[in-house]
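Chemist: Sequence:
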Amino acid sequence: MNTKTMLLGTDGINLEKMVRNYDDGIISISELADSLNLFCKKLSDVGIEDQIDDEDLEEFRELLEE
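In the working numbering, each number is its position in the sequence shown, counted from 1, plus 1.
Be aware that one or more of the hints could be misleading.
As the list claims (entries may be wrong) - The calculated label-pair distances, taken between Cβ atoms and stated as ranges, are:
1) R21 <-> D55: 24 to 30 Å
2) S45 <-> E67: 15 to 21 Å
3) R21 <-> L58: 25 to 31 Å
To be clear, the hints were calculated from the coordinates, so they are not data collected in a lab. These numbers come from a predicted model, not from an experiment. From the three backbone atoms N, C-alpha and C, an ideal C-beta is built for every residue, glycine too.
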């Protein structure tokens, strides 16, 4: 916490490290999203889209139909 302004925040270097950890496979996309959420950021703010593969989506639909 910034003691002068009493605001939470992070600088670009820390955000870049979090994204690099995701790119390097150190953390999952859900861990990255949770971490970014702490700083009121979203995946789209750092240029990442969380997409579901069409095959996975079809498999999920089949499971729901059973």
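Chemist: Now tell me, hint by hint, if it's right for this structure.
Modeler: Hint check:
1. In this structure, R21 and D55 meet the distance hint of 24 to 30 Å, their C-beta atoms being roughly 28 Å apart.
2. The hinted range of 15 to 21 Å is not satisfied by S45 and E67, whose Cβ atoms lie roughly 33 Å apart.
3. At about 29 Å, the beta-carbon gap between R21 and L58 stays in the expected band of 25 to 31 Å.
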